[in-house]
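Position chain C relative to chain G; hints supplied.
Top line first, the protein sequences correspond to chains G and C. Just so it is clear: in the first sequence, position 152 is 152 by the working numbering, and no numbers are missing. Just so it is clear: in the second sequence, position 87 is 87 by the working numbering, and no numbers are missing.
You can take every hint at face value.
Straight-line Cα separation of at most 27 Å, DSSO-like style, residue types lysine-lysine; simulated pairs:
1. K359/G / K288/G
2. K34/C / K288/G
3. K167/G / K34/C
4. K16/C / K126/G
5. K34/C / K248/G
6. K288/G / K428/G
7. K167/G / K288/G
8. K13/C / K126/G
9. K16/C / K167/G
10. K62/G / K119/G
The set of hints was computed from the structure by calculation and includes no laboratory data.
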Amino acid sequence: MEKVDCIIVGGGLAGLSAAYGLASEGLEVIVIERGDYSGAKNVTGGRLYVSPIRDLYPELWKAAPFERPVTREFVTLMGDGAHTTIELASERFATPAYQSYTVLRARFDQWFADQVMEKGGMVITKNRVDDLLLEGGKVIGIRAGGDDIGADVTIIAEGVLGLLSSKAGLREEPRPQDHALGYKEIIELPPGVIQDRWHLNEGEGAAHLFMGGVTRGLMGGGFLYTNKDSISLGIVVGMEAMRQAPDKVDSYTLLDEFKELPQIKPLVEGGTIVEYSAHAIAEGGIAKVPKLYGDGYLLAGDTAGLSLNALVTVRGMDFAIASGYYAARAVIDAKERDDFTAASLAQYEQSLRSSFVLKDLETARYIPHTIENPRLFTHYPQAVSNLMEQVFTIGPGPSKKLSSTVMGGVRKDFLNLQTLKELYAMRKI
Amino acid sequence: MNIEAKLGLDVFKIDKERHITIDVETCNRVCVNKACLYVCPANLYEIDDQGNNTVNYEGCLECGTCLISCDHRALEWHYPRGEYGVQYRMG
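Next up, chain G with everything else stripped away, as it sits in the complex (with noise of 0.2 Å):
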């Protein structure tokens, strides 16, 4: 059997940057993807923070082909005949270094690719694995296309379903408890029209979240991210929620629903449907991170769940990259000492564990059970545009004053047990 120092399951951005640090240091890499191309099968929002990552490899992200830099968020809270945009504009946002990045995949990863080939790694697409070879449970290689080969440690980043490594008994199945649904349409618009919509200056780029009333009060919401030509417009909906949802909906009907809202339709009129995508988003948190390293092997990205959905920042990819970097580290140093087993490994984790990738989602650890609340989507969403509403309002007779306005809706939709209760849950996010 052919073998080498190291292969790596996935050719998206864990994988891919896992063979960027191997390459760099003049290990045997070999990237093995089933796409015709590294991105093909790959989907996001989305938005890459590059803060995080920007230092691990820090010559790389100059020529990345990022969409826009995001430098003004939105944030609407959606009810029934009102809703409310929150929007922030920040000075800092918009100068650079940029903290976030609007990308597209199927872009973004082609390049990626081609970086690690430039090092010298090897990126083999249009190939499925199809097996983890295992000896005395031991990972030892890979089975594709009939051929086996060999490596003394194989990354595992085959994305969000983990079909390898659970099949192999390294991690568990997914659950619908602790996945989403996300799912989007690009759009064609102009630059300019994209920049006039969402009060951008040139170049620059929105990220815009959705509250409430776009998932008929199931756990989820709209997001909307300009691109240099192009929107992505969509939605996240919680699996569990679909399937316990008294009226059953059909999911893709959500996002048509969502483009008729009197809201959303003049953001998206005469714009140009380019590309219909649909990926499973893994949301249960640092609660559901598998191990992580074994004997001769180690999960990266979404294989090893690591993704967070803290309402306002959605983040998996900055992960993903991350992971990669710390696998790579790890294979070289057992390289050097010439130990794949998974106590040599275990420096995976230990890295993991003291960089911001598991400090994040420890940190984040109650949120997904908080989000579960339903009354997020419907009736805060809706209270809050009830109150702006008011407050707004010159009726035909005399008004109230601002403050007894405030204060009624404040005493009728916050003050009372069931909020103060749930702010109280709250204190731990």
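Frame of chain G, contents of chain C only:
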């Protein structure tokens, strides 16, 4: 734009070999919820004239939502072979 037309915008390289197979027996006999019928973002599942659940695997976006949501593990689901399936141009 209806869902079929949206899928028509995507690039698919269709394999003759199907990558999703429904265990119709389990599906018919024990599954009440049939989550696959409504969670699939491509709307690929439908009950045919004989009352059996069917899937048009050709339009699969490979998200795995049906697999994760299935109550009774009645789906045999793997990724299409290399070179086949959806190929996103943007993603």
